[in-house]
Structures are given as structure tokens and as C-alpha cells.
Amino acid sequence: DQQVKQNSPSLSVQEGRISILNCDYTNSMFDYFLWYKKYPAEGPTFLISISSIKDKNEDGRFTVFLNKSAKHLSLHIVPSQPGDSAVYFCAAKAPQGGSYIPTFGRGTSLIVHP
Amino acid sequence: EAGVTQFPSHSVIEKGQTVTLRCDPISGHDNLYWYRRVMGKEIKFLLHFVKESKQDESGMPNNRFLAERTGGTYSTLKVQPAELEDSGVYFCASSHITGAYAGELFFGEGSRLTVL
Chain A
1 DQQVKQNSPS
11 LSVQEGRISI
21 LNCDYTNSMF
31 DYFLWYKKYP
41 AEGPTFLISI
51 SSIKDKNEDG
61 RFTVFLNKSA
71 KHLSLHIVPS
81 QPGDSAVYFC
91 AAKAPQGGSY
101 IPTFGRGTSL
111 IVHP
Chain B
115 EAGVTQFPSH
125 SVIEKGQTVT
135 LRCDPISGHD
145 NLYWYRRVMG
155 KEIKFLLHFV
165 KESKQDESGM
175 PNNRFLAERT
185 GGTYSTLKVQ
195 PAELEDSGVY
205 FCASSHITGA
215 YAGELFFGEG
225 SRLTVL
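For the record, the sequence lines run as chains A and B. Letter by letter, the first sequence follows residues 1 to 114 in my numbering. Letter by letter, the second sequence follows residues 115 to 230 in my numbering.
No wet-lab data here; the hints were simulated from the structure. From the three backbone atoms N, C-alpha and C, an ideal C-beta is built for every residue, glycine too. One or more hints might be untrue.
What the hints assert, rightly or not - Calculated pairs, SDA-like style, for lysine to any residue (alpha carbon to alpha carbon, straight line, at most 25 Å):
| hint | chain 1 | residue 1 | chain 2 | residue 2 |
| --- | --- | --- | --- | --- |
| 1 | B | K192 | B | E223 |
| 2 | B | K168 | B | E128 |
| 3 | A | K5 | B | F159 |
| 4 | A | K5 | A | T63 |
| 5 | B | K165 | B | L180 |
| 6 | B | K155 | B | V133 |
| 7 | B | K158 | A | D1 |
| 8 | B | K165 | B | P122 |
| 9 | B | K129 | B | M153 |
| 10 | B | K158 | A | S8 |
| 11 | A | K5 | B | K155 |
| 12 | B | K158 | A | L11 |
| 13 | B | K158 | A | S74 |
| 14 | B | K158 | A | Q14 |
| 15 | B | K158 | A | D31 |
| 16 | B | K158 | A | P9 |
| 17 | A | K71 | A | Q3 |
| 18 | B | K129 | B | G154 |
| 19 | A | K54 | A | N7 |
| 20 | B | K192 | B | N177 |
| 21 | B | K168 | A | D31 |
| 22 | B | K168 | A | Q3 |
| 23 | A | K5 | B | M153 |
| 24 | A | K71 | A | N22 |
Stated by the list, open to error - Facing chain A, according to a computed beta carbon distance under 7 Å, are these residues of chain B, among others:
| hint | residue |
| --- | --- |
| 25 | K155 |
| 26 | F159 |
| 27 | E166 |
| 28 | S167 |
| 29 | E199 |
| 30 | V203 |
| 31 | F205 |
| 32 | E218 |
| 33 | F221 |
| 34 | G222 |
| 35 | G224 |
Next up, chain A with everything else stripped away, as it sits in the complex (with noise of 0.2 Å):
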């Protein structure tokens, strides 16, 4: 019953080219979503977000889109570059309980070839 999917496990991209990762979601509840990326060893780390309220949120090569009518969001890393390479992970918050805790998808390997 996962309700934040990445359905990609993987993806391969040319250095300079643009990286497109999907997530799709099943809880209407969600209202705020974020892109967290993750390298070998050590804890995901923060990248984007954005608001239910907005459909488009950028920041330098990062810009995420948001279709709430499809459940769906997705990341855009334009242009791609070899440090990109990593694990990037889907999350959304819901008002459960006021706590708004994220819940996580299972994440998408980017590898960006030089």
C-alpha cells in the first residue's frame, strides 16, 4: 500500500542532457511535497519542494511540476551534471494528526555519464 511511488528504479543520463524523475502519489491528502537526494553512505539530504498550492517550483537547474489532477510531480535537473549522480527520493506530507510527518518513496538511481 505504497502511497508515494517512484516506478523508475533507475535512470541513465548524458552529462548536459535534462534528468526527468517521476513520482506519482494515491493519498489526496498530501499537500506538500519534496525531493530529497541521497549519495552512497550517507543520509538523504533536502533538494526542492513544493506547495500543493503551486504547480511549478525552481531553483537553479532544479525545477519540481506538480499535476494534482494526475497525482503526480516530478523533478527536472537541467543541465544534467556527473555530481548529480544519485539516489533521489519522492516524499509528501499529509495533515496526519497535525504532525506532518514525509512519507518516502523507494527512490530513483540517477547516473549521469560524462
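Knowing the structure of chain A, use the given hints to seat chain B on it.
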């Protein structure tokens, strides 16, 4: 400022033994979370402390898992007795505030548990 620190980084134990994982959150962070990731799967929520109180422990798998946060500073997660399916990486995270727009959690590097 020190980040979230976890100890040990890796623990290998036999089935039936006990293991205690420790997490030191960022100083001043009242909120402390434990998550677990089994290989290739999602980072799954275990529980949430606000200071020394358990705010939400709905993700704890069973009563073999015991989390404490005495004094509202560091936290421990004890697994007793450990089973094979407990293997995975246990992440601790902390945050200053909660809420929808509270921003990110700060994660530690994780404690990898291998149960043989």
C-alpha cells in the same frame, strides 16, 4: 554546527541478539524521527519524538522495537531480539519545527544493521 550523528555506522549481529542504535540530533531540534530502509525499498517511517514524548509511533513494526529519548536530547532504538527481517539501514532525522511548510528533515548517515 554538528549535523545529526548516528552510532554505530554498521552493526552485524546474530538472530536473537540485541542491538541498540543511537542518534544525536542537531542541537536545539525538538523533533526527532526514526526511519528504516530495507534494500531497494522506501524509506519507511518508524516513529516521531517531540522532545522526550513519542508523538507518533505508528510505524514501529512490533514490540521487539523500543525507542527512547530521555531528557529530550539523544535517542536510542533497541531491537530485541533481532530477526532477519530487521536488517536494513536505520536513519535518524531531526527538525526544529513541524508542519506542512516546516521545511526539510536533516538526516544522519544511517546505521546499517545486518542480522545473520
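Hint check results:
In summary, the hint linking K192/B to E223/B is supported, as the alpha carbons are separated by about 18 Å, within the 25 Å threshold. Proposed proximity of K168/B and E128/B is contradicted: the alpha carbons are some 29 Å apart, above 25 Å. Distance hint between K5/A and F159/B is fulfilled; the C-alpha atoms sit about 15 Å from each other, no more than 25 Å. The hinted pair formed by K5/A and T63/A meets the criterion: a straight-line CA distance of about 19 Å does not exceed 25 Å.
A distance of roughly 16 Å separates the Cα atoms of K165/B and L180/B; the hinted pair therefore holds under the 25 Å criterion. A C-alpha spacing of about 22 Å is found between K155/B and V133/B, which places the hinted pair at or below 25 Å, so the restraint holds. Of the supplied pair hints, the one linking K158/B and D1/A holds, its CA atoms being roughly 12 Å apart against a limit of 25 Å. Our distance criterion of 25 Å between C-alpha atoms is met by K165/B and P122/B, whose separation comes to about 22 Å.
Between K129/B and M153/B, the direct Cα distance comes to roughly 18 Å. Compliance with the 25 Å bound is thereby established for this hinted pair. Taken as a hint, the K158/B and S8/A pair is honoured in the structure, with Cα atoms around 18 Å apart against an allowance of 25 Å. With a CA separation close to 10 Å, the supplied pair K5/A and K155/B stays within the 25 Å bound. For a cut-off of 25 Å, the pair hint linking K158/B to L11/A stands: about 22 Å separates their Cα positions.
For the hint linking K158/B to S74/A, the alpha-carbon distance of about 21 Å falls within 25 Å, and the restraint holds. Between the alpha carbons of K158/B and Q14/A the distance comes to roughly 31 Å, so the proposed pair goes past 25 Å and is violated. The suggested pairing of K158/B with D31/A holds, with an alpha-carbon distance near 19 Å, which does not exceed 25 Å. Simply put, K158/B and P9/A have alpha-carbon atoms about 17 Å apart, close enough for the 25 Å limit, and the pair holds.
Distance check on the hinted pair: K71/A and Q3/A sit about 11 Å apart at the alpha-carbon level, within 25 Å; holds. Restraint check for K129/B and G154/B: satisfied, since their Cα atoms lie roughly 22 Å apart, inside the 25 Å limit. A C-alpha spacing of about 24 Å is found between K54/A and N7/A, which places the hinted pair at or below 25 Å, so the restraint holds. With a C-alpha separation of about 10 Å, the suggested pairing of K192/B with N177/B holds against the 25 Å cut-off.
Among the hinted pairs, K168/B with D31/A is consistent with the structure: their alpha-carbon atoms are about 24 Å apart, no more than 25 Å. As the CA atoms of K168/B and Q3/A are separated by approximately 23 Å, the hinted pair is consistent with the 25 Å bound. Annotation: proposed proximity of K5/A to M153/B holds, straight-line Cα distance about 16 Å (limit 25 Å). For a cut-off of 25 Å, the pair hint linking K71/A to N22/A stands: about 11 Å separates their Cα positions.
Among the interface hints, the one on K155/B holds; its C-beta lies about 6 Å from the nearest C-beta in chain A, closer than the 7 Å criterion. The closest approach between the C-beta of F159/B and any C-beta of chain A is roughly 6 Å, which is under the 7 Å cut-off, so the hint is satisfied. Taking 7 Å as the C-beta cut-off, the interface hint given for E166/B is violated, the closest approach to chain A being about 16 Å. Because the beta carbon of S167/B sits about 12 Å from the nearest beta carbon in chain A, more than 7 Å, this interface hint is broken.
The closest approach between the C-beta of E199/B and any C-beta of chain A is roughly 17 Å, which is over the 7 Å cut-off, so the hint fails. For V203/B, the suggested interface contact is broken, since its CB lies about 9 Å from the closest CB of chain A, more than 7 Å. At about 6 Å, the closest approach between the beta carbon of F205/B and any beta carbon in chain A falls short of 7 Å, and the interface hint on this residue holds. Given hint, E218/B at the interface with chain A, holds; its Cβ is 3 Å from that chain's nearest Cβ, closer than 7 Å.
A distance limit of 7 Å between C-beta atoms decides the matter here; for F221/B the minimum to chain A is near 3 Å, and the interface restraint holds. With its C-beta approaching chain A no nearer than about 5 Å, G222/B sits inside the 7 Å limit, and its interface hint holds. Against a cut-off of 7 Å between C-beta atoms, the interface hint on G224/B holds, since the closest Cβ of chain A lies about 6 Å away.
Taken one by one, the earlier hints fail for this structure at numbers 2, 14, 27, 28, 29, 30, listed in ascending order.
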